[in-house]
Each structure stands twice: as structure tokens, then as C-alpha cells.
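Chemist: For reference, the chains in residue letters:
There are 2 protein chains.
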Amino acid sequence: MDQRFSSQLFERAVDEFSKLPGIGRKTALRLVLHQLRLDVQNVDSLCSALSDLRHNVRYCRVCHNISDSEVCDICANPERDASQICVVENIQDVMAIEATTQFHGLYHVLGGVISPLDGIGPSDLEIQSLVDRVAEGHVGEVILALSSTMEGDTTNFYIYRKLSGFSNLKLTVLARGLSVNDELQYTDEVTLGRSIANRVLFDAGPR
Amino acid sequence: MDQRFSSQLFERAVDEFSKLPGIGRKTALRLVLHQLRLDVQNVDSLCSALSDLRHNVRYCRVCHNISDSEVCDICANPERDASQICVVENIQDVMAIEATTQFHGLYHVLGGVISPLDGIGPSDLEIQSLVDRVAEGHVGEVILALSSTMEGDTTNFYIYRKLSGFSNLKLTVLARGLSVNDELQYTDEVTLGRSIANRVLFDAGPR
Chain A
94 MDQRFSSQLF ERAVDEFSKL PGIGRKTALR LVLHQLRLDV QNVDSLCSAL
144 SDLRHNVRYC RVCHNISDSE VCDICANPER DASQICVVEN IQDVMAIEAT
194 TQFHGLYHVL GGVISPLDGI GPSDLEIQSL VDRVAEGHVG EVILALSSTM
244 EGDTTNFYIY RKLSGFSNLK LTVLARGLSV NDELQYTDEV TLGRSIANRV
294 LFDAGPR
Chain B
94 MDQRFSSQLF ERAVDEFSKL PGIGRKTALR LVLHQLRLDV QNVDSLCSAL
144 SDLRHNVRYC RVCHNISDSE VCDICANPER DASQICVVEN IQDVMAIEAT
194 TQFHGLYHVL GGVISPLDGI GPSDLEIQSL VDRVAEGHVG EVILALSSTM
244 EGDTTNFYIY RKLSGFSNLK LTVLARGLSV NDELQYTDEV TLGRSIANRV
294 LFDAGPR
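The listed protein sequences derive, respectively, from chains A and B.
Quick note on the working numbering: the first sequence kicks off at 94 and runs consecutively.
Quick note on the working numbering: the second sequence kicks off at 94 and runs consecutively.
Just so you know, the hints here were simulated from the structure itself, not pulled from any lab data.
Just so it is clear, the structure is predicted and the values come from calculations on it, not from any experiment.
Be careful, since some hints might not be right.
A pair holds if it fits inside one copy or across any two, identical chains being indistinguishable in the list.
Unchecked claim - Straight-line Cα separation of at most 20 Å, SDA-like style, residue types lysine to any residue; simulated pairs: (1) LYS119 x ILE167; (2) LYS263 x GLY204; (3) LYS255 x ASP225; (4) LYS119 x GLY214; (5) LYS112 x LEU126; (6) LYS119 x VAL283; (7) LYS263 x ARG118; (8) LYS119 x GLN185; (9) LYS255 x GLN278; (10) LYS112 x SER144; (11) LYS263 x ARG130.
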């Protein structure tokens with residue numbers, strides 16, 4: 094249905110809203126009508142939050158998680174255990190693990206997993222910066238918390254090879270309480286928390 | 094789940110999005126992550142569309158529909174039949190009727206219906222301005238296109254009384270193809286179009 098409105102401003106706002114993922118034309122219309130009924134301050138507040146986010150959000154220099162400053166709150170927190178690094182695919186996974194409250198170390202956000210079909214190789218990910226962090230010598234354990242997919246397993250193995258030169262480094266993976274092909278960010282908190290608590294030594298299998 | 098993020102900017106954006114109607118915390122998170130991946134221009138474009146809408150949208154001086162100028166595109170269009178006025182509850186109803194392409198006259202947006210329980214009386218609605226438009230003498234027909242609810246019927250009757258003094262004025266209601274308690278804006282286009290085509294003379298019933 095190509096609906097025409099009596100206001101271009103209105104039409105533009107509906108168009109912009111319907112570009113959002115999962116928001117159709119009818120929902121966009123409902124959202125825009127809601128904005129019209131709100132106080133000007135509330136609308137300004139949404140706009141400035143969105144604009145500030147996109148213009149001012151940064152990525153932590155250490156772990157590559159989103160941050161408001163050069164180093165994120167987690168990396169800057171002296172109460173976190175700096176000897177443990179949990180390697181995750183993306184920032185949603187950091188949020189998912191934080192929500193379990195089972196992990197008190199630091200993170201390392203790879204920015205994806207190795208996926209030759211999508212043209213994503215090791216150099217597109219933050220793997221070298223992980224090796225550099227470990228090379229500084231304060232890290233006792235690296236926990237590989239990637240999704241249990243083919244790509245996740247490939248990435249686990251690649252990182253295992255890269256880090257195998259460091260003696261006294263414990264390399265663990267999440268307990269396979271996760272069923273195969275589960276996306277980490279959609280796993281329930283109890284299962285995810287348990288798989289962090291029950292993490293086991295990484296086994297690269299027979300070669 | 095009271096999730097904490099490593100970025101205040103991020104948290105604020107999620108909070109603002111989850112204030113929107115029908116948008117929960119998980120959906121807000123997904124929308125904000127999507128904004129982070131977009132180009133800065135796209136985010137700015139959404140923000141400016143929203144801000145322009147709220148700050149600059151106006152209501153037509155004549156029919157009270159939303160408009161970019163003092164008089165809306167429909168009222169200003171010389172090809173529309175100015176002798177017909179279709180009375181509706183709100184701007185969504187204008188959009189719904191426009192989408193049927195069955196009506197070529199003008200509109201009058203009441204801004205609601207008479208509802209004593211909600212404290213909405215005739216003076217809260219644009220009824221006097223409708224009477225003034227009819228009093229100018231160019232109007233041959235007023236079509237009452239309110240929802241077929243108790244409140245809609247009450248409002249129909251009130252307007253009928255207000256306009257009964259004008260001789261040569263035809264007062265019609267939408268054909269009751271609409272089932273009782275249907276909300277006008279959610280009616281399918283075919284049914285709604287047919288009920289405009291089959292409109293009948295208003296009958297106030299026995300008094």
C-alpha cells in the first residue's frame with residue numbers, strides 16, 4: 094500500500110522509521126503518531142540520545158567493546174580479574190555474559206569469527222591485538238566464548254595455534270552445555286552462566 | 094533483566110528506544126545496535142526527520158489535518174470537491190479513507206469523539222469550527238465517518254442537532270457495512286471504500 098500523507102514531514106518520518114529492522118510501514122506509522130503526541134522535550138531527548146550515540150560512542154582501545162572513553166568501564170575497573178580474558182564475537186555477547194554475573198575477568202571482542210565464505214579472514218578480526226595482550230605477560234587464562242558453530246570452532250582453533258607458544262597460559266572453552274549451532278547471544282542466562290562455570294581446557298583434537 | 098552496558102551513551106539510547114510503544118528492551122537493543130552499524134548520515138537523517146516533524150508539523154487551519162503549511166494539501170487542492178465534507182475522528186482516519194481513493198471531497202478532523210467517561214465534551218472537539226465551515230454556505234453534504242461505537246453514535250447525533258438548522262444540507266453516515274465496535278482505522282480498504290460509496294441519509298431515530 095503506497096499511502097500518501099498530507100504532510101511531507103510526516104511522510105519523511107514514517108519513511109525513516111520503516112527503514113529500521115523489523116519495523117514495517119504500519120508500525121512506523123504508529124511510532125510517528127506517538128511522537129506527534131509526545132512533548133517536544135521527549136522527542137528531542139530521543140533524537141539527541143541517538144545522535145550522541147552514533148557520533149560519540151567509541152571502542153575500547155584494549156578490549157574493543159563499546160565505550161564512552163578510550164578504555165571501557167570493564168577494563169578500567171580495578172576489581173575485575175585482569176588475569177582472565179574472555180574472547181567473544183561481538184558486543185552483544187559481552188552483554189549476555191555480563192548479565193549472567195558469573196564472570197569477573199576482562200573481555201576481548203573479536204568483531205566476528207573467521208568465515209571464508211563471507212570473506213572474513215583472521216586479519217579482519219582483533220586476533221593480533223589479543224596475542225599482543227597475552228604477550229604482555231599478565232594473563233593466566235584465555236576463555237574462548239565463541240558460538241559453537243563451524244566458524245566459531247575454526248576461530249577457536251586458529252586462536253589456539255596463535256597462543257600455543259605461551260607457556261603457563263591456560264586456554265579454556267565454554268562447557269558444551271550449548272547445543273550445536275546455538276547463537277551465543279540468544280542463549281538463556283542459566284545455561285550460559287553454567288557453561289562459564291564449567292569451562293574446560295581447550296582440546297584441539299587429533300591432528 | 095536490568096542489563097548494564099559498558100557505555101552510558103549506549104544505555105541512554107536503549108532507554109529512549111524502549112520508551113516507544115510496542116518496543117521492549119530486547120527490540121530496543123537490536124534497534125540501537127543497528128544504528129551503530131549505519132553510516133552517520135543515515136542516523137542523522139532519522140534524527141532530523143523526527144525532530145523536524147515534531148518541531149515543524151502544523152495542523153490545517155481549515156480541516157485540522159496534519160499539514161506542512163497553514164492549509165493542508167487536501168484543502169488547497171482545487172480538484173477536490175469542496176461541497177463535501179467528511180467528518181472523521183483523527184488523522185489516521187483521513188489516511189485510511191484516502192487509501193480507499195473513493196472520496197474526493199474535503200475532511201474535517203474532530204480530534205476525538207464525545208466521551209463523558211473520558212471527560213471529552215463537545216467543546217473539546219472541533220465541532221464549532223465544522224458548524225462555521227457549513228455556515229459559509231458552500232457545503233452541500235456532510236458525511237459523518239466516525240467509528241460505529243457508542244461514542245461515535247453520540248457524536249453523530251450531536252453534530253446532527255448542531256447542523257439541523259441548515260436547509261439544503263445533506264447529512265449522511267457511512268453505510269453500516271462496518272460491524273459494531275469496529276475501529277475505523279483498522280477496517281480493510283474494500284469494506285471502507287464500499288461504505289463510503291453506499292453512504293445513506295442520516296436518521297436520528299425516534300425521539
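Chemist: Confirm or reject each hint.
Modeler: For each hint, the structure was consulted:
1. Taking CA atoms no more than 20 Å apart as the test, LYS119 paired with ILE167 passes in neither setting, with 40 Å inside one copy and 22 Å between copies.
2. Taking the closest pair of Cα atoms, LYS263 and GLY204 never come within 20 Å of each other, the shortest separation being 23 Å inside a single copy and 68 Å across copies.
3. With identical chains, the CA atoms of LYS255 and ASP225 are at most 20 Å apart within one copy only, with a shortest distance of 11 Å there and 82 Å across copies.
4. Proximity of LYS119 and GLY214 under a CA criterion of 20 Å is satisfied in neither setting, with 40 Å inside one chain copy and 30 Å between copies.
5. In this assembly of identical chains, LYS112 and LEU126 lie within 20 Å of each other by CA distance both inside one copy and across copies; the values are 16 Å within and 14 Å between.
6. For the homomeric pair LYS119 and VAL283, the shortest alpha-carbon distance between copies (18 Å) is at most 20 Å, but the shortest distance inside one copy (36 Å) is not.
7. When the C-alpha separation of LYS263 and ARG118 is checked against a cutoff of 20 Å, the pair qualifies neither within a copy, at 52 Å, nor between copies, at 36 Å.
8. Taking CA atoms no more than 20 Å apart as the test, LYS119 paired with GLN185 passes between copies only; the shortest distance there is 11 Å, against 28 Å inside one copy.
9. When the C-alpha separation of LYS255 and GLN278 is checked against a cutoff of 20 Å, the pair qualifies neither within a copy, at 26 Å, nor between copies, at 61 Å.
10. In this assembly of identical chains, the alpha carbons of LYS112 and SER144 lie at most 20 Å apart whether taken from the same copy (17 Å) or from different copies (17 Å).
11. Proximity of LYS263 to ARG130 under the C-alpha cut-off of 20 Å is found in neither arrangement, the shortest distances being 57 Å within a copy and 34 Å between copies.
Of the numbered hints stated above, those contradicted by the structure are hints 1, 2, 4, 7, 9 and 11, listed in ascending order.
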